Every structure is written in C-alpha cells, then in structure tokens.
Amino acid sequence: MIKCESLYLLALNTLINPEFSLVKNALNLGAITGIFISIIQLLLLFLGFGDSSYLQWIIYISLILSILWGSRTYRDLACEGYISYSQSLGFGLMLSFGAALVFSFFLYIYMKYVDHAYISEVLNQMEVTMYESEVKESEIEMIMKIYRSYLTPGAMAVGMVFTYFFIGGLISLITSIFVKNPKTEF
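Under the numbering used here, the residue at position 101 of the sequence shown is numbered 102, and the numbers go up by one with no gaps.
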C-alpha cells in the first residue's frame, strides 16, 4: 500500500529535479501554474464569472501558493535545505514569468479565436465605470477612441505578461523573506 507521504514525495521529485537549474525548475513550475490559472479562467468564463474580482483573487492566491510552495520545495530538494533570499527571489520571478507566458498565450488564443467579443465587453465595462465616476463625456470619448484603436488580443496578452510578472515579483519579494534559509559558514 502506498502512503500519502510517498505520493507527495513522488510528485515533488517529478516537479523539482535537483539536476536541473533554478531557472529550468522555476519555469517548469511556472508553466504548470499558468496552465492551472488558465483552466480556472476558462471555467469561470464559461460559467459567466469571467469579469469578476473573484477571478483575480483566485489567480493571485494561486500565484502566491505556487511561488511559496515552489520556492520552499526547491530549497528542500535541490538546495539541501538552504537558499538565499536572492535565489528564492529569482526562483519566484522565473516561476511568475513562466506562469505569465502560459496564461497570456491562453488569453491571446481565447480572445483571438474563441470569444471575439471579449475585448468589446472589457471596453464597455471600462466605459460604464468612467461614466459612473463622473468623468466628462468628451474625455470618455477620447479615452475610449484611443483604447479601441490600440487594444488588441496581442496587446492585451503582452500587457498580461508584464502585469503578472510584476505582481509575481512583488509576491516573491515577500515570500522570499519566509523561504530563505542561508547557509552559515564558519
């Protein structure tokens, strides 16, 4: 009979390979995180919750847990229990970058080929928000004209890479404080 700890260690050993570099391990976990976030996004879009703030919180929590778990697991399996703050930060940044690339690719495919009206819905929601915040109508028209001309699936995907990389960087700055365990040499 297989114990739960054995399955856990087997899963960790297949995801974190001590023979691979920090970058390769982080990008692998980032790709898995990006796939997970993309699946969550797809499910929520089909259920009609694609534009809710809950979606953003689910994505942020997934990113936080992936960075925290991934950095800690990398420290324990590949670095013999020791990792510096900068290594942990680098791991989190690379994981965020991998997740951002995969998620942005998914978003591009979704906007370009599945739901052509997605960008229009986003623009309409922005316009309603501006009207509710009592922005002048002439300013709203000017802003919306600019957004309509530049907001394409490709531009949104590139923007998402930078956005989630930045957010992942902020998360990594904080999680690295708790994950670090530098070697003390005497």
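None of these hints come from the bench; they were simulated from the model. These numbers come from a predicted model, not from an experiment. Careful, some of the hints might be misleading.
The calculated lysine-lysine pairs, modelled on DSS-like cross-linking and capped at a C-alpha distance of 25 angstroms, are [to be verified]: (1) 25 <-> 146; (2) 113 <-> 146; (3) 25 <-> 181.
Evaluated hints:
{"no.": "1", "hint": "25 <-> 146", "verdict": "42 angstroms, violated"}
{"no.": "2", "hint": "113 <-> 146", "verdict": "20 angstroms, holds"}
{"no.": "3", "hint": "25 <-> 181", "verdict": "19 angstroms, holds"}
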